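J.: One-letter residues, chain by chain:
2 protein chains.
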Amino acid sequence: MAGAERGRPRDPGNDAAILDAALDLLIERGAGGTSIEGVAQRAGVAKLTVYRRWRTREDLLMAALEHARDPDLQGPPSAGGSLEEVIGHVAALLSRPRFRALMARVIGASVDHPKLVTAYTERHLRPRLEALAEVARQAVADGQLPPGTDPGVLEDVLAGSIGFVLLRGEEEVTAAEVERRLRALLGYVGYEPPG
Amino acid sequence: MAGAERGRPRDPGNDAAILDAALDLLIERGAGGTSIEGVAQRAGVAKLTVYRRWRTREDLLMAALEHARDPDLQGPPSAGGSLEEVIGHVAALLSRPRFRALMARVIGASVDHPKLVTAYTERHLRPRLEALAEVARQAVADGQLPPGTDPGVLEDVLAGSIGFVLLRGEEEVTAAEVERRLRALLGYVGYEPPG
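Order-wise, the sequence lines are chains U and Y.
Position 48 of the first sequence, counting from 1, maps to 48 under the numbering used here, and the rest follow consecutively.
Position 75 of the second sequence, counting from 1, maps to 75 under the numbering used here, and the rest follow consecutively.
If a hint is listed, it holds; no wrong ones were tucked in.
In the SDA-like style, the derived pairs of lysine to any residue whose C-alpha atoms are separated by at most 20 Å in a straight line are:
| # | chain 1 | residue 1 | chain 2 | residue 2 |
| --- | --- | --- | --- | --- |
| 1 | Y | Lys47 | Y | Gly13 |
| 2 | Y | Lys115 | U | Thr174 |
| 3 | Y | Lys115 | U | Arg168 |
| 4 | Y | Lys47 | Y | Gly33 |
| 5 | Y | Lys115 | U | Val173 |
| 6 | U | Lys115 | Y | Glu170 |
| 7 | U | Lys115 | U | Asp59 |
| 8 | U | Lys47 | U | Met62 |
| 9 | U | Lys115 | Y | Ser95 |
| 10 | Y | Lys47 | Y | Ile36 |
| 11 | U | Lys115 | Y | Arg168 |
| 12 | U | Lys115 | U | Ser35 |
| 13 | U | Lys115 | Y | Glu171 |
| 14 | U | Lys115 | Y | Arg29 |
| 15 | U | Lys115 | Y | Arg96 |
| 16 | U | Lys115 | Y | Val173 |
| 17 | U | Lys115 | Y | Pro97 |
| 18 | U | Lys115 | Y | Phe99 |
| 19 | Y | Lys47 | Y | Asp11 |
| 20 | U | Lys47 | U | Ala63 |
| 21 | U | Lys47 | U | Glu37 |
| 22 | U | Lys115 | Y | Glu172 |
| 23 | Y | Lys47 | Y | Arg10 |
| 24 | U | Lys115 | Y | Glu28 |
| 25 | Y | Lys115 | U | Arg96 |
| 26 | Y | Lys115 | U | Arg98 |
| 27 | Y | Lys115 | U | Glu28 |
| 28 | Y | Lys115 | U | Arg29 |
| 29 | Y | Lys115 | U | Phe99 |
Label-pair restraints from in silico Cβ distances:
| # | chain 1 | residue 1 | chain 2 | residue 2 | range |
| --- | --- | --- | --- | --- | --- |
| 30 | Y | Glu84 | U | Glu85 | 34 to 40 Å |
| 31 | U | Gly143 | Y | Glu84 | 31 to 37 Å |
| 32 | U | Arg137 | Y | Gly187 | 15 to 21 Å |
| 33 | U | Arg137 | Y | Pro194 | 31 to 37 Å |
| 34 | Y | Gly148 | U | Glu134 | 28 to 34 Å |
| 35 | U | Arg137 | Y | Lys115 | 39 to 45 Å |
Keep in mind the hints are simulated off the structure, nothing from the lab.
Treat the numbers as computed from the prediction; the structure is a model and nothing was measured.
All C-beta atoms in this analysis are idealised placements derived from N, C-alpha and C, irrespective of residue type, glycine included.
Between the sequences and the hints, there should be enough to build the whole structure, so can you do that?
T.: Here's what the structure looks like:
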């Protein structure tokens, strides 16, 4: 982008504040209710500061989804970990109203802004799903999952749990309940917890 | 409701046209973009005809979701059937852009209108999920699913498949692809197709 050449060097603090504000507004109002003007106002920067960096609302929201740094919204851990750690992390994540709202807004935007879903799944979720495949391989090696289990199995378990919480509507979903669901799904696959 | 007492008897043809129009607008524009005025116009009836029957946009959309009669949007078959029939039905359903859009709009509305999700899952999906439990019980009896399989297993498989298609974003999803996903999930559970 030519923005940095046309004016002052970009302030990385501004970028982070803008992306945080965009994510907040997406969660509160949905993609249709989020404007570049609204994001600039929320971030406390000039409208032009946002436009210099992201030309369209869609570009801005895609960047916000890709770089979402709020720890409460982080997908499955990107580093290695045990299956038990993944269960704990995903149960906590999927029970958070803010995360459920984010998922609902992203999926809800898929008719008018399908690129947002792609940005979220391919740029934010994909690296984390690849880490999950590594966790599954390790669980097979450790005898916690049956030999020959497809390393993509945790992706399926995650998709099932996301479908489960998103179809709950008004009801609150507790971490304990998501964990029971995750363990039921993993039970189908033949998961044997350690110890 | 007092509507019928205050004026002419309700015309069931009007009701059906109004609910069809409400569902169409929900799919096209989302809950936030659907107004009682817009629905009346689309259905070709007076605004008051809609208001007499449904006081709020939310009431109207809940009724539209409950009574959705478009065969292209029908959830899993409500009558008995084999697991193979369910696979074929769900694969066709989940690959339809109109159904994916409906699900995206319903889930997308869950932040601002959580009652819509409840109406859809409890009134439209629930009876169909109960029929799926019957299909699972029959499959166990026929030796296609392992003894002791939880009859709710098909609900989990369905939730997983819905999560899968909704997170696809821009990509088209074919019925063959959904079917492969369904068979992979059923494979985890130990499904043995007949024949």
